[in-house]
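Chemist: So the sequence lines, in the order shown, correspond to chains A and X.
For the first sequence, counting from 1, position 6 maps to 95 in my numbering; every step adds exactly one.
For the second sequence, counting from 1, position 4 maps to 93 in my numbering; every step adds exactly one.
Check before you lean on any hint, since a few could be wrong.
One copy or two, either will do: identical chains are not told apart, so a pair holds if it fits within one copy or between any two.
To be verified - List of simulated lysine-lysine pairs, PhoX-like, C-alpha gap at most 25 Å:
#1 Lys549 to Lys518
#2 Lys144 to Lys472
#3 Lys532 to Lys167
#4 Lys517 to Lys192
#5 Lys144 to Lys167
#6 Lys279 to Lys307
#7 Lys472 to Lys495
Think of the hints as simulated: they come from the structure by calculation, not from any bench.
2 protein chains.
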Amino acid sequence: MGFFSYFSAEELVRIHEATLTTMETTGLVFTYEPARNLLARAGCKIDGQRVFFPKKLVEEQIRKAPSQFTLYARNPEKNVVVGGDHIAFIPCYGAPFVNDMDKGRRPGTLLDYNNFVKLAHAVPYLDITGGMMTEPNDIPISHRNAERLYSSMVLSDKPFMGAGTGPEDAIEAMEMASIVFGSREEMAKKPPFVSILCSLTPLGFDDKMCGAIMEYAKAGMPQLISSLTIAGATGPVTMEGTLIVQNAEILAGITLTQLVREGAPVIFAGSSSASAMRYGTLSIGAPEMAVNTAATAQMGRFYNLPVRGGGALTDSKTVDSQAAYESMMSMMMATLSGIHFVLHSAGILEGYITASYEKFMIDSEICGMCKRIKRGEEITAEKLALDVIREVGSGGEYLTHMHTFKHFRQELYAPVLEERDNYSNWHKKGSLTMEQRANAKYKELLEKYTEPSMDPEMRKELDHYIKSVRNA
Amino acid sequence: MGFFSYFSAEELVRIHEATLTTMETTGLVFTYEPARNLLARAGCKIDGQRVFFPKKLVEEQIRKAPSQFTLYARNPEKNVVVGGDHIAFIPCYGAPFVNDMDKGRRPGTLLDYNNFVKLAHAVPYLDITGGMMTEPNDIPISHRNAERLYSSMVLSDKPFMGAGTGPEDAIEAMEMASIVFGSREEMAKKPPFVSILCSLTPLGFDDKMCGAIMEYAKAGMPQLISSLTIAGATGPVTMEGTLIVQNAEILAGITLTQLVREGAPVIFAGSSSASAMRYGTLSIGAPEMAVNTAATAQMGRFYNLPVRGGGALTDSKTVDSQAAYESMMSMMMATLSGIHFVLHSAGILEGYITASYEKFMIDSEICGMCKRIKRGEEITAEKLALDVIREVGSGGEYLTHMHTFKHFRQELYAPVLEERDNYSNWHKKGSLTMEQRANAKYKELLEKYTEPSMDPEMRKELDHYIKSVRNA
Chain A
90 MGFFSYFSAE ELVRIHEATL TTMETTGLVF TYEPARNLLA RAGCKIDGQR
140 VFFPKKLVEE QIRKAPSQFT LYARNPEKNV VVGGDHIAFI PCYGAPFVND
190 MDKGRRPGTL LDYNNFVKLA HAVPYLDITG GMMTEPNDIP ISHRNAERLY
240 SSMVLSDKPF MGAGTGPEDA IEAMEMASIV FGSREEMAKK PPFVSILCSL
290 TPLGFDDKMC GAIMEYAKAG MPQLISSLTI AGATGPVTME GTLIVQNAEI
340 LAGITLTQLV REGAPVIFAG SSSASAMRYG TLSIGAPEMA VNTAATAQMG
390 RFYNLPVRGG GALTDSKTVD SQAAYESMMS MMMATLSGIH FVLHSAGILE
440 GYITASYEKF MIDSEICGMC KRIKRGEEIT AEKLALDVIR EVGSGGEYLT
490 HMHTFKHFRQ ELYAPVLEER DNYSNWHKKG SLTMEQRANA KYKELLEKYT
540 EPSMDPEMRK ELDHYIKSVR NA
Chain X
90 MGFFSYFSAE ELVRIHEATL TTMETTGLVF TYEPARNLLA RAGCKIDGQR
140 VFFPKKLVEE QIRKAPSQFT LYARNPEKNV VVGGDHIAFI PCYGAPFVND
190 MDKGRRPGTL LDYNNFVKLA HAVPYLDITG GMMTEPNDIP ISHRNAERLY
240 SSMVLSDKPF MGAGTGPEDA IEAMEMASIV FGSREEMAKK PPFVSILCSL
290 TPLGFDDKMC GAIMEYAKAG MPQLISSLTI AGATGPVTME GTLIVQNAEI
340 LAGITLTQLV REGAPVIFAG SSSASAMRYG TLSIGAPEMA VNTAATAQMG
390 RFYNLPVRGG GALTDSKTVD SQAAYESMMS MMMATLSGIH FVLHSAGILE
440 GYITASYEKF MIDSEICGMC KRIKRGEEIT AEKLALDVIR EVGSGGEYLT
490 HMHTFKHFRQ ELYAPVLEER DNYSNWHKKG SLTMEQRANA KYKELLEKYT
540 EPSMDPEMRK ELDHYIKSVR NA
């Protein structure tokens with residue numbers, strides 16, 4: 090399968106050169122002293138907190154990061170390759186609120202968080218369970234990191250996302266994961282989770298993010314170096330200008346990781362979009378978001394790095410047509426442009442503010458459809474079916490042909506929630522909307538959920554850990 | 090801007106060769122004797138109604154069709170180029186039913202038809218008004234063709250779609266258009282409309298379609314040669330097999346047009362999809378529809394012909410999340426894979442059965458977003474904005490910068506219906522869904538609609554024509 094390209098090869102080079110110029114002459118602010126010291130030793134000029142990156146250093150360092158890596162799940166059948174021809178779908182991340190048809194919009198709780206882990210575990214099209222689908226607002230902030238990780242490891246055997254909240258939480262994540270996945274050295278070889286760390290746009294990194302970036306890099310644990318530049322707010326309003334700011338931030342972060350530990354796995358992670366000028370809000374449902382996704386995929390390929398972009402993104406406040414088509418726009422763009430890691434593939438609503446149960450299920454269907462498209466075809470004589478075409482001829486039918494029976498399960502995507510029946514049957518079944526079917530489906534999945542088994546010794550140790558946190 | 094490719098170049102050649110083999114050895118049924126006679130004279134073998142196409146003949150003839158052409162609107166500012174780097178969006182076609190929130194689902198009427206012409210005229214992202222957005226069921230069948238054409242020419246000054254119903258209607262369409270657009274010779278040079286003619290899948294053409302194809306070709310009027318093969322029903326269940334059946338039908342039709350008149354403009358038109366095996370229905374919301382769109386775009390490029398595919402297609406029975414994301418899937422695929430002519434870009438619901446007023450408006454927004462993406466960028470120093478990035482530096486903002494003010498209108502798509510405000514403002518405004526806003530918007534557009542002026546002599550003659558039809 091080919092890739093959609095938004096920019097030409099020459100245009101990419103131009104954006105790359107402009108990025109390096111910005112890194113060298115405008116520089117980026119690093120408030121974290123250990124990062125500045127390391128960058129200075131590598132040859133960066135420093136002025137106060139501002140770091141100027143020599144072009145050669147950046148080009149040298151980013152080449153050291155691997156072009157793909159594997160996340161090792163508790164269940165080896167669920168290992169996930171990040172990079173190459175693969176695409177991985179990961180649910181929503183960081184939403185303070187949750188929403189469903191029955192109870193409406195409210196702050197997320199640990200119960201909601203656990204429900205989303207269970208749903209992400211149950212949906213075959215989601216590859217990684219996520220790490221912060223919603224914020225568990227009902228428990229003390231100091232417990233949240235441990236509780237999230239505990240649930241991720243116990244309630245699912247898929248890879249998961251680690252702490253993206255600072256160096257202490259990063260260390261705790263590795264400590265807890267170590268109970269299940271072995272020593273730091275073993276995890277560096279077979280990492281079970283990936284974390285997302287973000288720049289402070291424009292052109293900066295704060296202490297917490299920088300500290301965590303360095304901790305993860307030191308441990309050889311995979312991480313997204315992510316930029317969300319908002320065209321017209323935290324970046325130039327032009328696509329090119331915003332791309333340069335995004336690029337400079339990601340490359341600066343990746344350069345830092347490789348100086349900490351050569352070969353530390355990273356994901357080139359762009360999630361820039363546009364501001365809604367009329368309201369002064371961020372718009373993640375804008376076509377400019379899809380444009381940035383395509384451009385980010387191209388830049389990632391240019392640097393030979395795994396790349397993050399897209400998602401089931403929307404500005405809509407409710408699960409409606411806008412939410413659905415904006416989500417599909419960015420999911421299709423991610424699929425067709427060669428993105429490897431699609432965070433926010435399920436559930437997100439209101440520009441990252443809310444995790445919706447119904448949208449989680451609807452987006453899961455979108456993930457399934459995108460995976461069908463991404464799969465592509467392998468042409469064989471059997472699939473060309475010239476003999477079958479000759480046999481059926483003009484005016485015949487294929488429905489009852491053995492060839493159809495033999496191949497339809499492989500060839501045709503089988504929808505979970507979609508209505509494909511005729512109007513009168515649909516009407517007889519109660520004229521249900523997709524949203525209503527999604528509401529029923531998430532409840533069904535939670536009801537049918539069974540916890541994957543875990544080694545009792547590991548489980549005991551994990552339980553012991555979480556109890557000590559709860560009693561602290 | 091590049092194109093998304095589903096198949097590799099070698100795979101395309103393989104499908105092309107398999108298509109020619111099918112045309113040569115399996116052949117296609119043409120029930121229309123004049124077509125068979127013409128094809129026989131060109132060297133086709135004939136067996137009863139079955140026509141076997143020599144490979145060389147097909148390759149020779151399809152090369153004669155132009156790679157792009159222009160539709161000349163009554164208002165020259167609304168001319169539409171079909172082919173090249175352009176994409177044209179055309180509304181729904183052929184729906185027997187209409188639907189809106191207020192009155193529900195019912196058979197379409199002439200009033201509905203006229204309303205859709207007015208809406209297609211008003212929406213800037215729709216390039217051609219369409220020709221049969223809904224069937225005017227409330228008037229005699231014998232009047233419908235004339236009434237549709239009359240409305241298309243009077244209520245809008247955009248290009249429109251002609252008769253796709255048979256040779257008599259095709260002749261009437263040219264006769265009526267001639268009142269406004271000049272003689273047959275003038276219209277051959279500057280065609281004002283395009284028509285859609287379809288194969289009888291699998292591997293056939295009936296009298297009506299064949300007759301119209303030959304009439305239009307003779308007149309040099311542009312036409313879509315269209316195939317809707319249903320994988321697993323009227324074509325093999327494999328994507329490759331269905332593509333071969335589709336390809337054979339389109340190439341047979343195009344060969345016929347070029348034998349009638351060398352250089353007659355045609356559109357390579359694929360709209361094949363999958364059957365929903367569980368229900369025995371056609372599914373146009375399936376991911377296989379998007380796959381076929383990408384493959385069709387590639388085949389069209391391979392033959393250097395303008396190509397039709399995609400649309401705001403859905404199997405949903407109601408305007409919900411399913412309708413929205415299925416529509417965006419096929420619209421994005423059409424946009425990114427290089428389709429030129431996108432029929433059904435607005436309003437279609439229930440797999441071609443119903444034209445929805447609300448969906449018409451929602452899909453129009455999708456068209457606007459796809460056009461924004463398709464536009465691409467032209468990189469300049471001003472757009473790279475390195476000076477602006479340097480000036481703002483780290484931690485600054487771009488919202489109040491002159492560069493943002495200067496460029497935002499060009500750079501950022503301005504949505505018509507989308508909600509991008511924050512949650513509390515949205516709530517204060519009445520918590521409206523996209524569907525509710527679309528309902529209000531279509532009424533607003535109809536209320537604000539003003540008829541474009543027309544030369545009084547032409548109008549008089551057109552009125553005279555339609556009156557004679559009504560009194561017949």
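Chemist: Would you mind marking each hint as holding or not holding in the structure?
Modeler: Each hint tested on the structure:
1. Lys549 to Lys518: Intra 47 Å, inter 52 Å, cutoff 25 Å: neither.
2. Lys144 to Lys472: between (50 Å within a copy, 22 Å between copies)
3. Lys532 to Lys167: Answer is within; shortest intra-copy Cα gap is 24 Å, inter-copy 51 Å.
4. Lys517 to Lys192: Between copies only: 19 Å across, 27 Å inside.
5. Lys144 to Lys167: Classified as neither; 39 Å inside a copy, 49 Å across copies.
6. Lys279 to Lys307: The answer is within: 15 Å in one copy meets 25 Å, while 69 Å across copies does not.
7. Lys472 to Lys495: within (11 Å within a copy, 54 Å between copies)
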